[in-house]
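Participant: For the protein sequence lines, the chains are A and B, in the order given.
Residues in the first sequence are numbered from 1 upward in steps of one, following my numbering.
Residues in the second sequence are numbered from 1001 upward in steps of one, following my numbering.
Hints listed in this document are in silico derivations from the structure and should not be mistaken for laboratory results.
Each computed DSBU-like pair below joins lysine-lysine, with the alpha-carbon atoms no more than 35 Å apart: (1) LYS165(A) - LYS40(A); (2) LYS1228(B) - LYS1205(B); (3) LYS1228(B) - LYS170(A); (4) LYS1148(B) - LYS1228(B); (5) LYS165(A) - LYS1205(B); (6) LYS165(A) - LYS144(A); (7) LYS144(A) - LYS1205(B); (8) LYS1228(B) - LYS165(A); (9) LYS40(A) - LYS1228(B); (10) LYS1148(B) - LYS1205(B); (11) LYS1293(B) - LYS170(A); (12) LYS144(A) - LYS1228(B); (13) LYS78(A) - LYS1205(B); (14) LYS1205(B) - LYS170(A); (15) LYS1293(B) - LYS1205(B); (16) LYS250(A) - LYS78(A).
Listed next, with one range per pair, are the computed distances between beta-carbon atoms: (17) SER1135(B) - GLU246(A): 48 to 58 Å; (18) GLY92(A) - THR1163(B): 41 to 51 Å; (19) ASN1206(B) - LYS144(A): 28 to 38 Å; (20) GLU152(A) - ALA1301(B): 27 to 37 Å.
One-sided and incomplete, this derived list gives chain B residues near chain A with beta-carbon spacing under 10 Å: (21) SER1224; (22) LYS1228; (23) VAL1229; (24) PRO1232; (25) ALA1306; (26) LEU1307; (27) SER1308; (28) TRP1309; (29) ASN1310; (30) ALA1311.
Where a beta carbon is used, it is the ideal one built from N, C-alpha and C, also for glycine.
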Amino acid sequence: MSSYLLPSAMVWDAFELQERAYFPDGTEVRPSAEPPVLPKAPAGLRLRGVEKAFGDNRVLRGIDLDVPAGQFVAIVGKSGCGKSTLLRLLVGLDEPTGGEIDFIDDGGDRVAPDARIVFQEPRLLPWFSVADNVAVGLGDGVPKAYARREAELVLEEVQLSEKAKEWPAKLSGGQRQRVALARALVSRPGLLALDEPLGALDALTRISMQQLLTRVWRELGFTAVLVTHDVTEAVHLADRVIVLDEGEIKLDLAVPQAHPRRHGDPELALLEGQLLAAILGES
Amino acid sequence: MTTIDTFSDGRKLRRATSGTPRTLTEDRPQEKSKDWAQASQNPPKGAADGVQAKGGKPSGLRTISRAAWLPYLVPVALVIVWQTLSSLGVISDRIMPAPVAVVAAFWERLLSGELVRDIAVSGARALSGLLIGGSIGFLLGIANGVSKLSEQLTDTTLQMLRTIPHLAMIPLVILWFGIGEEAKLFLTSLGVLFPIYLNTYHGVKNVDRDLVEMGRIYGMSSWSLFRKVIFPGALPSIFVGLRYALGIMWLTLIVSESIAANSGIGYMANTAREFMMTDVVVLALVIYAVLGKLADVVARALERWALSWNAAYQV
Ligand SMILES: Nc1ncnc2c1ncn2[C@@H]1O[C@H](COP(=O)(O)OP(=O)(O)OP(=O)(O)O)[C@@H](O)[C@H]1O
Ligand SMILES: [Mg+2]
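Let's have the full structure, built from the sequences with the hints guiding it.
Facilitator: Below is the structure:
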């Protein structure tokens, strides 16, 4: 697990050095310099023969997949086909029972794992304010002033600046999910995994959240892996849609259309049809 | 000034002679008769005032919401009836003193400083028992909620011990510690330990698994996970345990102070019983009630403050 601490810890080390240089006595004077906006490169993925079994239940049966840094991939498939299992492996929440998962940079060289995940439930700490919840994403031991500034920045990104001091209980479902997104992004991860993040939202909120997600992805430039049961959502957001079926990749479909994508675009509708056929097993 | 002087003189006199029952019995009927004379004049007047206030200022009453005064209607009425019956001689002074006599006893002991000392002694006993027993219960609850090993090691034992009524241990405790402070401290600590243990343990066990996993994803250290996720998650349950423990704390203290003590409110009540001073006995009851209520109010305020994030506590 400690490897997941690495990126934010590095950010902080850099910042601390800077602060010490300016304020050796460590008094309450805040550094005048801006916190370091480190050039965080997106992290790609290389999966080779990845397997996961729970006892006799072979959920993933040899997944080979290359995701270039910065790509937006959507994963669709029937319920129980192993989408969540795959995502948990990617972010290191579980260990694969076979195969290799590597994080790679632009040139294809291995880099340290650097992933965050957003679930269908926001999983916010109800006893922390919105800003403090976001600061959780920076890891332990980060000074308050720095955490506050970072949280403000990323809350602005998800258009929730005015809610920074609220309790999560006072937010709507869509707002809570945006806080969860901000928490995942505050450490500028190279890869963001999303497990049906919009699944619990109503249709209208979902559309505006999709737009927000697209914008944030384009501005911050991370690699995104989105699990969704909504084929329309998949073709609207992703560069590429993967159909998972009984633990194997059944279809790998590129979506070349430029952003922003219109709802009701006939070319996208065509892709949707193809995907649905693959999922439902009509070839 | 003169009235105060005579009052304090009388008090001094009584306190000086309070060691010998003979002077007390001489002293008390006089005082009582004074109280009686006052009491027989006062209550009807007071009652009439109350009625007048209600009838005369309807607008003032309407602005105070009914919910504010309605809960106090029954207790106030009871006190008035009680005082009236006492004044009429229906209730004997030996069985139940008049409210006015209780107030007089309160005033007298307050001025002499005895009351403050007794309350301070009892309060210190209660709080130290709560602190010791509560800390042990809290730490065990956290340990058993977090660690499987600790749970397997101690939970069954604690669940067994908890079924023994702790007051049943009084004979043993007296053998162990005699009748000193240790005995009272031990019993109070033991009494508060279990409710706090059980509720802390439950609270920790029921912290949302998803939140714990979230903490793990974001690389929280064990301490950080405890401080940011597990402890706040268990806090509502811990407060339930605390308020339950406060009740047991007073109960244990009353019992153990009645058995053996040379200071404190229980001692005050017990000595008063020996001298048939029913007013002081009732005063002790009232003080226990007030202290119990006060502890609960403080606990509630603390709860409201600590759980302000919880929708149930938000205004
Ligand atoms: N912790 C676990 N222990 C045992 N079996 C598990 C575990 N997690 C998942 N599984 C099994 O793995 C299979 C795939 O589960 P997974 O959650 O990955 O499906 P999914 O594709 O995300 O489905 P959905 O669309 O309904 O979320 C299921 O058969 C499930 O029972
Ligand atoms: Mg799933």
